[in-house]
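Participant: Now for the letters of each chain:
2 protein chains.
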Amino acid sequence: MPVSSPRKGSKTRFVHKPIIAILGGGQLGRMFIENSLRYDVEVHVLDPDPQAPCANLAHRFVQGRFDDHTTVMRFAEHADVIGIEIEHVNVDALEELQRLGKLVVPDPRALRIIQDKGLQKEFYRANNIPTAPYQLVNDRSELAALAGRFPAFLKARTGGYDGKGVMALNKTLDIERAFDGPYVLEQRTDIALELAVIVVRALNGTAVAYDPVEMVFDPKLNLVDHLQAPARIPAKTALEAKSLALKVSTALGSPGVLAVELFLTPKGELLVNECAPRAHNSGHHTIEACASSQFDQLLRVYMGWPLGDTSLRGLAAMINLVGADGTGAPMLNGADDILHLPDTFIHLYGKSETRTGRKMGHVTVLAKDQHALDQAIAVTKVHGRVVPLTRFEPFKA
Amino acid sequence: MPVSSPRKGSKTRFVHKPIIAILGGGQLGRMFIENSLRYDVEVHVLDPDPQAPCANLAHRFVQGRFDDHTTVMRFAEHADVIGIEIEHVNVDALEELQRLGKLVVPDPRALRIIQDKGLQKEFYRANNIPTAPYQLVNDRSELAALAGRFPAFLKARTGGYDGKGVMALNKTLDIERAFDGPYVLEQRTDIALELAVIVVRALNGTAVAYDPVEMVFDPKLNLVDHLQAPARIPAKTALEAKSLALKVSTALGSPGVLAVELFLTPKGELLVNECAPRAHNSGHHTIEACASSQFDQLLRVYMGWPLGDTSLRGLAAMINLVGADGTGAPMLNGADDILHLPDTFIHLYGKSETRTGRKMGHVTVLAKDQHALDQAIAVTKVHGRVVPLTRFEPFKA
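Order-wise, the sequence lines are chains A and B.
Sequential numbering from 5 applies to the first sequence in our numbering.
Sequential numbering from 5 applies to the second sequence in our numbering.
Please note that a few of the clues may not be correct.
Said to hold, decoys possible - Computed cross-link-like contacts, DSS-like style, restricted to lysine-lysine with a CA-CA straight-line distance of at most 30 Å:
{"id": "1", "chain 1": "A", "residue 1": "Lys21", "chain 2": "B", "residue 2": "Lys385"}
{"id": "2", "chain 1": "A", "residue 1": "Lys385", "chain 2": "B", "residue 2": "Lys21"}
{"id": "3", "chain 1": "B", "residue 1": "Lys385", "chain 2": "A", "residue 2": "Lys372"}
{"id": "4", "chain 1": "A", "residue 1": "Lys372", "chain 2": "B", "residue 2": "Lys240"}
{"id": "5", "chain 1": "A", "residue 1": "Lys168", "chain 2": "A", "residue 2": "Lys251"}
{"id": "6", "chain 1": "B", "residue 1": "Lys246", "chain 2": "A", "residue 2": "Lys363"}
{"id": "7", "chain 1": "B", "residue 1": "Lys240", "chain 2": "A", "residue 2": "Lys246"}
{"id": "8", "chain 1": "A", "residue 1": "Lys363", "chain 2": "A", "residue 2": "Lys168"}
{"id": "9", "chain 1": "A", "residue 1": "Lys224", "chain 2": "A", "residue 2": "Lys21"}
{"id": "10", "chain 1": "A", "residue 1": "Lys372", "chain 2": "B", "residue 2": "Lys372"}
{"id": "11", "chain 1": "B", "residue 1": "Lys106", "chain 2": "A", "residue 2": "Lys21"}
{"id": "12", "chain 1": "B", "residue 1": "Lys106", "chain 2": "B", "residue 2": "Lys224"}
{"id": "13", "chain 1": "B", "residue 1": "Lys372", "chain 2": "A", "residue 2": "Lys240"}
{"id": "14", "chain 1": "A", "residue 1": "Lys224", "chain 2": "A", "residue 2": "Lys106"}
Stated by the list, open to error - Covered stretches of chain B (in silico footprint by chain A; criterion: 3 or more residues with CB under 8 Å from a CB of chain A, positions within the stretch not fixed):
{"id": "15", "segment": "190-202"}
{"id": "16", "segment": "261-273"}
To be verified - Chain B is faced by these chain A residues, among others (derived, beta-carbon under 7 Å):
{"id": "17", "residue": "Leu41"}
{"id": "18", "residue": "Tyr43"}
{"id": "19", "residue": "Ala172"}
{"id": "20", "residue": "Asn174"}
{"id": "21", "residue": "Asp178"}
{"id": "22", "residue": "Glu180"}
{"id": "23", "residue": "Ala295"}
{"id": "24", "residue": "Asp313"}
{"id": "25", "residue": "Leu343"}
{"id": "26", "residue": "Pro346"}
{"id": "27", "residue": "Asp347"}
{"id": "28", "residue": "Leu352"}
Hints were generated in silico from the structure; no laboratory data involved.
Note that the structure is predicted; figures quoted are calculated from it, not measured.
For every residue, glycine included, the Cβ atom is placed at its ideal position computed from N, Cα and C.
If we strip away everything but chain A, and leave its shape as in the complex, we get (with noise of 0.2 Å):
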């Protein structure tokens, strides 16, 4: 159904059906059509995967390269609004697509310093921004004279993405093992803690931003075991992390979810990591911890609608679900240990094959206390596992 929704500097309302437009069908997109279907908006989908998330959901799934150009214009030429759902995808086509009068989300100019960690770490000296020092480099020749910096990250300039693309650099010897340049090599700081802040920015340019969230490491495997919101942090460092978030999207000055990964050191300082212009893995609790989740927000900027409430209901915690050690379609064991725990949620991306370490799916607890929160992360984690289907059973009544 259409929505009357003013648009920023005009007096034009939508009074037909509007067509969202989104490149890329992952669990992002997935999770923004499932909120996107409240409100009755026509959701289409680019992918070049014909089994991706959103292929059975999307309103039109079309399947084709969102890093191809003319992929791109020809998908979107019929679009209201054009959104992303992953960072590598046609800059061009979407600066053509905003000079044809279309609403893109994020601004291309944004992205674009995104897409590149190089022009995002210059960004971020420029708009005074603390960030971990660093020097781009062009290629590996020019590693060698800087191993005086060691040890340090060494991190693609472009196309890296979960995990890949970066490196350690602890010692010479390292060097042979890099990946090829253009990088940027970050000195190696202290962490006492990851946080990551959501910002929702309007297309008049209000912004709102989510309590800071915590990723909470796993001290003997030394990983990401879950996402916490709010982080437990002094609430004097929440303001800061929250207002240098809301810093990063003013000086960027694109619309729509940006997520802030931001390192907090031992000294009290806060350091931003890098940023994601679109919906991000440490936001997914807000679809059942607050009002507006990041999916809803990203909803009612494309829309042109008031930002929605980002406050927390009480304590969440964000456990993905990743698969197990081998690869098939997809099985979860442990549904019914999980949603035997009240206020405790399964999202299963829809994703064909299981393969170790994909994100399947995540699973959001909600608790009123730290420790009934540990509790339902703890039976999560023992329980819940996606693990390769090997044997096919028919089913009984």
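Given the coordinates of chain A, work out where chain B should sit on it, guided by the hints.
Facilitator: Frame of chain A, contents of chain B only:
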């Protein structure tokens, strides 16, 4: 994704992607799908209207009549679970599917009783469930002899829906306007309050009930204005209403969601008016007001999962968005004003045409106290109007 799930009376577990086939593709099916997306089950929908709210949303949509035996059999032959979102379906086909070993919710035997208001009344009497006094009447010619029982309500035994097939008989002359029988002639009772209780019954017979909901009438129009949960009744009456609704569910012995509509008389007596063996308008607030909504519970029943938490997070109201005067493509006015309110949620059903009085969507309001609730209800009612679209304006970014 398949999820392991124990089944009633067997150790068999779902290890393939379960297919849930729903007869009917309206708003109830749509809200069911919205929730089920989180669990990655496959939902198929049958509806005669190619533009039904579920048409672009179901994993597989089949255009066809759910009251036709062959159509239903063909539609559901590959399904694991068959559900309904409307009562007027072919029960013979459901019974045959049950014999084929498929899980059918609700039990077709219960559906047969509920489909016929006469059998439903006899069922209440046989099970000692209080209900307004009544008499079964075959046809119009028998009505004159019963004029001594007027004022009364005349109800068609079958086929009534949304106010159709019901009329008041105040005087003998009214008989001339009566629709065709057979009928239930029901004595008019004094009503202090109309209540509804949603009961959920699992395959293993465990059952839970949500808190009673109160229909709030507009004193001027004498129409249901909105629904409020929990109902403003003494705790003792609320408990009685829940246990009466559970008694109806136990007597029916059918798994699934059962909406039990009740009258509270001025003397404090509770009478069952009628029941519906499916998700119901009086349970829409559970989407936001409870951890597990009526739609979530239905999926839990289908899958053999533990039932969810029914407790209310606070006060809730549900305002139906019905079509204003006129017919045409629908537009919602006032979305901005409604979305300014925290904890207020718009649901549009995706119907392609608005008609006077047609249910086009609803708004749910959560609040901590009655004053805040009343304010949000007032804003929604003043601004939220679904009107036929009369003028097109192009989108401008």
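Participant: Look at each hint and say if it fits the structure.
Facilitator: Hints, verified against the model:
The straight-line distance between the Cα atoms of Lys21 of chain A and Lys385 of chain B is roughly 23 Å, inside the 30 Å bound, and the hint therefore holds. For the suggested pair Lys385 of chain A and Lys21 of chain B, the alpha carbons sit about 23 Å apart, so the restraint of at most 30 Å is met. Our distance criterion of 30 Å between C-alpha atoms is broken by Lys385 of chain B and Lys372 of chain A, whose separation comes to about 34 Å. Our distance criterion of 30 Å between C-alpha atoms is met by Lys372 of chain A and Lys240 of chain B, whose separation comes to about 28 Å.
Taking the CA atoms of Lys168 of chain A and Lys251 of chain A, the gap is near 28 Å; set against the 30 Å cutoff, the hint holds. Taken as a hint, the Lys246 of chain B and Lys363 of chain A pair is broken in the structure, with Cα atoms around 42 Å apart against an allowance of 30 Å. Note on Lys240 of chain B and Lys246 of chain A: the hinted pairing is violated, with a Cα-Cα distance of about 47 Å set against a maximum of 30 Å. This hinted pair checks out: Lys363 of chain A and Lys168 of chain A have alpha carbons roughly 15 Å apart, not beyond 30 Å.
For the given pair, Lys224 of chain A sits about 52 Å from Lys21 of chain A by alpha-carbon distance, which is inconsistent with the 30 Å threshold. For the proposed pair Lys372 of chain A and Lys372 of chain B, the alpha carbon gap of about 17 Å is at most 30 Å, so the pair holds. At most 30 Å may separate the alpha-carbon atoms for a hinted pair to count; Lys106 of chain B and Lys21 of chain A exceed this at roughly 39 Å. Restraint check for Lys106 of chain B and Lys224 of chain B: the C-alpha separation of about 49 Å exceeds 30 Å, so the hint is violated.
A distance of roughly 28 Å separates the Cα atoms of Lys372 of chain B and Lys240 of chain A; the hinted pair therefore holds under the 30 Å criterion. A distance of roughly 49 Å separates the Cα atoms of Lys224 of chain A and Lys106 of chain A; the hinted pair therefore is violated under the 30 Å criterion. With a cut-off of 8 Å between beta carbons, the segment 190-202 of chain B has 0 residues touching chain A; three or more are needed, and the interface restraint is violated. For a cut-off of 8 Å, the count of residues in the segment 261-273 of chain B with a CB near a CB of chain A stands at 0, and the three-residue condition is violated.
The interface hint given for Leu41 of chain A holds, since its Cβ lies 5 Å from the closest Cβ of chain B, which is under the 7 Å cut-off. Because the closest C-beta pair between Tyr43 of chain A and chain B is about 6 Å apart, less than 7 Å, the hint holds. With a least beta-carbon distance of about 34 Å to chain B, the hint placing Ala172 of chain A at the interface is violated under the 7 Å criterion. Given the 7 Å rule on beta carbons, the hint for Asn174 of chain A is violated: about 39 Å separates it from the nearest Cβ of chain B.
Using the Cβ-Cβ criterion of 7 Å, the hint placing Asp178 of chain A at the interface with chain B is not satisfied: the shortest such distance is roughly 39 Å. At about 41 Å, the closest approach between the beta carbon of Glu180 of chain A and any beta carbon in chain B exceeds 7 Å, and the interface hint on this residue is violated. Annotation: interface hint on Ala295 of chain A holds; nearest CB of chain B at approximately 5 Å, less than 7 Å. A least Cβ separation of about 4 Å between Asp313 of chain A and chain B falls short of the 7 Å threshold, and the interface hint therefore holds.
A least Cβ separation of about 5 Å between Leu343 of chain A and chain B falls short of the 7 Å threshold, and the interface hint therefore holds. For Pro346 of chain A, the suggested interface contact is upheld, since its CB lies about 4 Å from the closest CB of chain B, less than 7 Å. Given the 7 Å rule on beta carbons, the hint for Asp347 of chain A holds: about 5 Å separates it from the nearest Cβ of chain B. For Leu352 of chain A, the shortest C-beta to C-beta distance to chain B is roughly 4 Å, which falls under 7 Å, so the interface hint holds.
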